[in-house]
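Undergrad: Spelled out, the chains give:
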Amino acid sequence: MKYLLIVLGVVVLWVIYIFNSLVTLRTRAGEAWADIEVQLKRRYDLIPNLVNTVKGYATHESSAFENVTKARSAAMGATGPTEAHAQAENMLTSALKSVFAIAEAYPDLKANQNFLALQNELSDTENKIQAARRFYNTNVRDLNISIEQFPSNLIAGPFGFSKKEFFDLGDNDAAQNPVEVKF
Amino acid sequence: MTVFFVVVILFGWFFSFYYGNPDILYFFVAFSILMNVFSYWFSDKIVLTLAGAKPAKREENFVLYTSVENLAITAGLPMPKVYIVNDPAPNAFATGRNKNHAVVCVTTGLLQILDKVELEGVIAHELSHVGNRDMLLSTIVVVLVGFVSILADVFRRNLFFSRNRDSKEGSVFLIIGIVLSILAPIFAVLIQLAISRKREFLADASGALLTRYPEGLANALRKISQYSQPMVRQSNTIAHLYISDPKGLQIGKKISGLLATHPRVEDRIKALVG
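Protein sequence lines correspond, in order, to chains A and B. Numbering of the first sequence is given in this note's numbering, commencing with residue 1 and proceeding in unit increments. Numbering of the second sequence is given in this note's numbering, commencing with residue 1001 and proceeding in unit increments.
Be aware that a few hints might be false.
Said to hold, decoys possible - With a Cα cut of at most 25 Å, we get these calculated DSS-like pairs of lysine-lysine:
no.	chain 1	residue 1	chain 2	residue 2
1	B	LYS1081	A	LYS97
2	A	LYS110	B	LYS1116
3	B	LYS1045	B	LYS1081
4	B	LYS1057	A	LYS41
If you are wondering where the hints come from, they were derived from the structure by calculation, not from laboratory data. On a predicted model such as this, the values are computed, not experimentally measured, just so you know.
Bound-form chain B, shown alone (with noise of 0.2 Å):
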């Protein structure tokens, strides 16, 4: 987090003293800083319109309800609102501002291949993101990431329009403002992906401390990457919240691990089992 600050405060700093012009510059942050606050306020209506997702009731999903139930007293935490998405893909993701509005959902392909076990593994995985307030924190992060990658736009359109200066400091200054324009949007999103990947191991983590049994994790997760269909309902927007990867298993592997939003699952599980 600190070195997100850093670049952000230092890629702002040279863009104005380069461009002497802080303006634009505001309107772009606060911008971008309401978008997403308006997005993280709302997040469990908007996600849940996303996903196509459900309520469940008590009745209808005994298992799943009461797994939530158990899981949420044992974690301290308000009982989150359960939802179900309609999808032969195993998968499930967590939301919701706070601990109070949390969401928690599930696909009916989840509820199909997992047992009890199983299943209350991937529950206390999703309500260990709720209970750490990753909600939060990838808002933040996201807002960092958007807010650098506005900073280095901004500049480098700016640039073909002001080539009048020509003293030697300024030039220093510009080349030293071109290459952290490139470079700092790229680290950003870096540092957004490890900070995804390091919460997940977090979720991992907590989630076996509440159910006192990684097994029960571990084997969700290897049943859950045995299915390579991707998910019938995919959106770009929602993808990092799930479990795992809805694009299916395929894709999934291409990605290069610093490219990644979840760590592999071979890693995962090796974390939780040894």
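Bound-form chain A, shown alone (with noise of 0.2 Å):
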């Protein structure tokens, strides 16, 4: 009697054990994911600026200003780390880069010094985007690996923990091959 109230000690002091941990792995998660929306809603507070800056410089580039607006809204509306999501953000990616292609053809607009200050901030913040974005992904990696995994699986089933999806917005070649800058 006393050896089974012992093992019984053991396995709840186990299982709460195995539970604090999955409870700490599901709320690391959830704040990689809020510093990454912290970094994508910087982008969206610069790209006004960005587009009133060219504005005055390029006046007959309405469609690509347009484009980057619509861009903006839509990665706005979209939530949480889905596909869809990814996609709103790369829309607004390459929509950015053509904004910037536009200020290829204007050398007044590359001398501003507000426009250079905006792009620096602008690729700062996507260099940033993808730092938390690697930092979630370690995250949501380690919790689904717990998850997953004998014994922790017993306790994940249970207790309603269930995997997160990772955010991959799909530019790994650009990690495997660093950009390269001609000047």
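Combine both chains into one complex, guided by the hints.
TA: As structure tokens, then:
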């Protein structure tokens, strides 16, 4: 009887330990997602400034501005680490690229301090989105491993821990081949 | 670490057995621990003063500052303080008592000779030291080494004044005690250096995991090791913190493997890129 109680006690302690570590992993992944949203929001906030600055110089390129504005609101409408959200963000990235391509044709704009600062900030924000995404994916990986691995899967199932989705922007090529900058 | 504790406990036991007066010992131990905890707690400020570092501004050092920011996000660490030492020799270190008080410091020489990818490799290495809590670990190790050395020292000093025991048991313990008092500090220091080298390899590996680009750090190490001039402002106290030996290449090469705080650069590059 005494031994049975001891064994039972150990099992209960073990269940508590596994449960708590799963909660930690889940909370961390949620926090990491919030970090991505902070960076995404920073990008949304910078875009109107960029559009206004570029508009002052390039009045005839209204379609590109419309594209960016549309892509921006589409991306802002999407939530969570879903495929659709990733696609919306990718659309926004390519729309931004076309705005920067416009700037190539306007030397005055390219020399504008405000524009240069915005360009710097936006490329920095893009790097930060990538960094935050990597941190999020690392946390999701740890959570998913814990949920699937024996014996923690015995706890994860009954207590309703579910796997989270990776946030993949499909830019792995860029990570493997560093961008070449030529002057 | 376990070996370390065993050495300390064994030695302390022999000492108190032979000498029979543990009061002085307690005083020394308390003193050394206090000193080390103090220097650990204020490590960021002390080290920055010793190195002569100035804070980096986001506007002036955009690449450096944003690289640190991005890698801190990737590692899930709070943003550390970024400092710059005005020195043409390329070098970098990280310190601080925990991740909330972390400091990353680079020299102007490092910013000059490295490109962005290589700089990121170095910063990732330094941030890994923060993430792996190497400052705490090395403080503990230093406390233990100091502990052993003090014990050995006090033991040997007192041998000359207490030769009045003639029993057989006493003399056996005396001999073991003398041998241990000579060997223990040597082993303690060797263990300390071995731990330091292991942590460097670990920081290299975690750093490569952060950037996903081990060649960046490998190239940076190659460039840093090619620069053979010593740093203008050296301090032995913080030499072990730097990513490469501040005294320059010549002296670093002469030190044999067992006595170096850092592994050989060739070995580190080999571990990184195979």
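Undergrad: Please flag the earlier hints that this structure goes against, numbers listed from lowest up.
TA: 1
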